[in-house]
Amino acid sequence: MTLLKIIWPLIFIIPLFSGIIGGLNHRQSLKLSSFGMAFGLFLALILVWMLDEPLILEWKWLESVNFGFSIDRLNALLVLLVYLITLLVQVFSITYMEHDPDQDRYTAKLGFFAFSMIGLLMSNQLVTLFLFWELVGMSSYLLIGFWYQEAGRSRAARQAFMINRVADAFLLLGVIRVFNNGYATSFTETLASGIQWDGFTGICFIIGAFGKSAQFPFYGWLTKAMAGPTPVSALIHAATMVTAGVYLLVRISPALMDWNLQVIAIGGAVTAFMAAVAALTQFDIKKVLAYSTISQLGYMILGIGVGAYQASVFHLWTHAFFKAGLFLAAGSVIHYMHELDATKDPQDMRNMGGLQKILPVTFYAFLICGLALSGLPFLSGFLSKEGILTGSWLWGQSTGNYLVPILAFCTAGLTAFYIGRQILLVFFGEISFAKKMVEPLVTIRVPLIFLAASSLWFWNSINPIDPLGWFWNGYLFADLGATSDQHSILGVLIGSIVLTLSGLGVAYWLFRPEAETARGFKKSNEPVQLAGKISFHGWYIEKFYDQIVRLFSKVVFGAGWFDKKVIDRFVDGVGVSGVVIAKVIGWFDQNVVDGLVNFMASISQLIGRFVTSFQSPKIQIQIGWLLLTLLVLLLWFQFLT
Amino acid sequence: MTDSLLTLIIFFPLLVTAVVLFLPNGKDLLIKEIALGATGVQLVLSVILFFSYDASLQPENWSNAFQFVERAKWISLYLGDYGWLQIDYFVGIDGISLLMICLSTFLLFVGVIASWNLSKNVKGYFILYLILSTSVVGCFAALDFFLFYVFFEFMLLPMFFLIGIWGGPRRGYASIKFFIYTLVGSLFILAVMIGLYLSVEDTSLADQTQEVVHSFSLVNMMDGGYITDGILTPGNATEFLGMNIRWIAFILLMVGFAIKLPAVPVHTWLPDAHVEAPTAISVLLAGLLLKIGGYGFFRIAYGIFPDAAVSLTYPIAIFGMISIVYGGLTAMAQNDLKRMIAYSSVSHMGFILLGLASFNVQGAGGALFQMVSHGFISGALFILAGVIYDRTGDRGIANFSGLAKAMPVFTGFVVVFFFASLGLPGLSGFVGEFLVFLGALGSDYLPKWIGIVSISGIVISAAYYLWALQRMFFGQFWTREKVWEQTMYDLTARELLLLIPLAILVVLLGIAPNVILGPVNNSIEFFVNQCFEQSQLYLAQ
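Sequence lines, in order, name chains W and X.
Numbering follows this note's numbering, with no gaps: position 609 of the first sequence is 609.
Here this note's numbering = 1-based position in the second sequence + 641.
You may find that some hints are simply not true.
[As the list claims (entries may be wrong)] Simulated pairs of lysine-lysine, DSBU-like, Cα-Cα distance not exceeding 35 Å:
no.	chain 1	residue 1	chain 2	residue 2
1	X	Lys668	W	Lys564
2	W	Lys554	W	Lys565
3	W	Lys564	W	Lys344
4	W	Lys31	X	Lys764
5	W	Lys565	X	Lys1089
6	X	Lys1046	W	Lys543
7	X	Lys1046	W	Lys287
8	W	Lys344	X	Lys761
9	W	Lys357	W	Lys543
10	X	Lys761	W	Lys564
11	W	Lys554	X	Lys1046
12	X	Lys1123	W	Lys565
13	X	Lys1046	W	Lys344
14	W	Lys554	X	Lys1123
15	W	Lys554	X	Lys761
[Claimed, not checked] Just some of the chain X residues that point at chain W, by a computed CB distance under 8 Å:
no.	residue
16	Thr909
17	Phe1078
18	Leu1107
Hint data in this document are derived by calculation from the structure and do not stem from the laboratory.
All values reported here derive from a predicted model rather than from experimental measurement.
We treat Cβ as the ideally placed atom computed from N, Cα and C, and that holds for glycine.
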């Protein structure tokens, strides 16, 4: 245990340091940082190996608020996953980003992202979780907008952050309600106390989780996040950021009320289905994968809602590998397309075809990961998806609500179809160009081979058809207090295999190289019929956001107008009327008050002048006047008396 | 030394002003160095103050809640039937004023560096600057209402000239607007001050003279030393406009300080003053002068009229909420970077109203923390806006694009402080907001919807900051005037010297907020408890 107490802070801090070191070294940034991450990965392996009892660390952050981390087996395993994927992405990026002048900045941002994500996973106190939750949002903003000079990409980054921020405001509200309602404020205590949260608090958390995990109606940010470099998409999509919401729900699900869980189940099922539909008609190679991620996240969320959260965690684990593999393989394709012809859109599948001969490793990796996604037996995806489908079926039976299992099964068929379509369109058929390029040996091949190999069943379970056989099952869920004992059900097993095969079959029928549709695809345009349009535009979720933004900007400019034209005008008016009044008073003062004074003055002046007129400078006349006056006075007195 | 530490902190810059007055006009650099030294000494002294402050003190009433108290008779007048008039030089601090003083001395020091490139009438500028330093710190330390008022008014004068002489093109309009607005506010405060003076007596002095001794002591007012039939004595049934006279007095005080804060709808002086003020003065304006409004709520409005405060939580919270939301919305509508930041200040000051209105420890602590954190963040933001203005003489958001290419380090700082201001956890802006929300949603006096609506403020602030970031700093590098392109060099050493300490503080306070909230926790708890107990006492009368 003492060893673990030393290594876990290292595990926590290594991504940050390797990011800083990479960021400071311009030329070798990614390589240096990879060494750091490899060391961290080694430590994380030790952690997973040796961890027995949960480690808890807490200190006072504010008077009534604690800050705290805890490491149990669940997050130790997920930390390992983050390290693994980040390392692979960094190795892959050495080639992918080799011509980019801002590699150092890229490395620093990757390091910061991994640090935030690991912090999020290790958090025990809700405030700590929220802190890292937001840091993850910020670092993803920085990564999506990595090529900031292209206005479209920085706009996409902002939009992605804003959509997340709306959900985060709800999460903050939820956290605050937990504090104010006197619930336990950490995951460990919540689990131990067994307290049920009130429904509103639960909903706040669910909205927060739906935001980060790109569930309806927030899923639009994930397609925007495609503006980032492709390895980043792999990182954000596969292992890390988007699974934060799933992870949070797994942690809090014991405290949620039944109807909260139902909301989760239905929300997840609806999202899984909607995103699978949207993935059917995309042209952009990354967009298909983005929608597919949303759809798979929907599965995980659904699994939590139906109480099969072990299966959700399992799916989170397997999905991380095969989806990272798909994204990195797509990155390899895009890299090649970009080298080939920089004028064409390197992500448009209409420009592709026949790449299996040129990029064989990429092809096999994509194929294996893609089939794992579709849920073919003997691959990892089948096992975990089977767990979720079984859970949803049983839940349907017990609640009588069959909407969730039906949507889940439909999604299984659709998934097989769209991934089959993508494999056929990208890798099969005619090559319309001839430039030969050797895939770089180590940096691109190794991550791809590793991820493809990890998507085989035997890394996860000896039994290729029973999700309960997952090696980590016993390891993980003893801590959480609930191990599933649900083996797969034969009907579900057969049903899902049939659906998968038929999905793949339809894809093959439509998009095999010699089919009409496959040939027409290269020149096809956006769909025109209603269903196609809905699918292509992802259920018009962006239109929905645009409407909200439009409304909001009206309010904003209304407020700006009000401030300038009403409040400030009023203040100026008061000021101006003050001046006017002052002017009037000034006039009054000058003309009336002062005028009166002047009037008096001039009257006395007049009198004075009149009186002065009697006076004369000649002394004789003055004496004459004097004598005359004396005479008059004398006569006056004489006659009066 | 601690006996007169507070006086030394307050008056040291004024002392230095006397020296500066006798320097010949041409010695610009020397004057700057002297001003830097003076504010530096002030800063060091206040750091000493911070560490010698006794955080464990648990006061029973206001008369023993203050430390570093200094009291000397200033004006004593015998007014016949009215008894004695007693005005003291009376200063002292509790945790709330401690933080405000430390914030002030730090920002005043930063402000000198920010005005280092000044060339127009340097001597006059720094004389006014140093007078301002004295009056700001004095304001936070004063425990005599009259003394507080003197410092409060004294602040106006240098500020008026600093904006009016060294400001931008519309400086005349802005400075007059600022002056008149604030003056109206202080008239309200003056009226209440006189009313309070007539209603309280200082019994500790009365023994010596046999007569009623009216005093301006804030401690006395907060502890409720009212005479039996004073106009503002609790229980006085006098009504004015259908409202108890104490309520009216409280509202007058709130309006007076809300103008300073500023809160919507009396905020429109702020954007104009900020846009026209030189960078350093904007830093002080946002960092310090606004906080005097908030401090006035704490010390005077709430401290003396807790009964009215507890009865009027609802409208206060609504004004806070309106400031948060409306301030954020108008910030988004601005085209000038500095105006946008100014409006964001309005939005962030709304949290102080909301926090105080929730009438609990979290809310009050959040309001206090928000004042400190906003001081650092907005100071940095105005410095950042000044960086662009120094280089081009323009700040229009639409006049620039892709600055990240030409000024990467600068953009890095902009990102950090924008995110700090929009409340990213891990940076100081979040802590205050979080505590205020915790307080507002957990308050016994407020309905939940006020807190819930206010939470939308964190979305709005993200919206305008990220939008500005995208428009000005990302995209292709472009400036409205071709000549600006050459002048867009990255941060200079002086600018880095300004921004790095601020960035460190913002991160430190974000990660470990208890560094400053821990020492003052007792004061905040005492403030809230005392307000509550006295309000019950007064309302019962």
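Original post:
Any of the earlier hints contradicted here, and which numbers?
Top reply: 1, 3, 4, 8, 9 and 15
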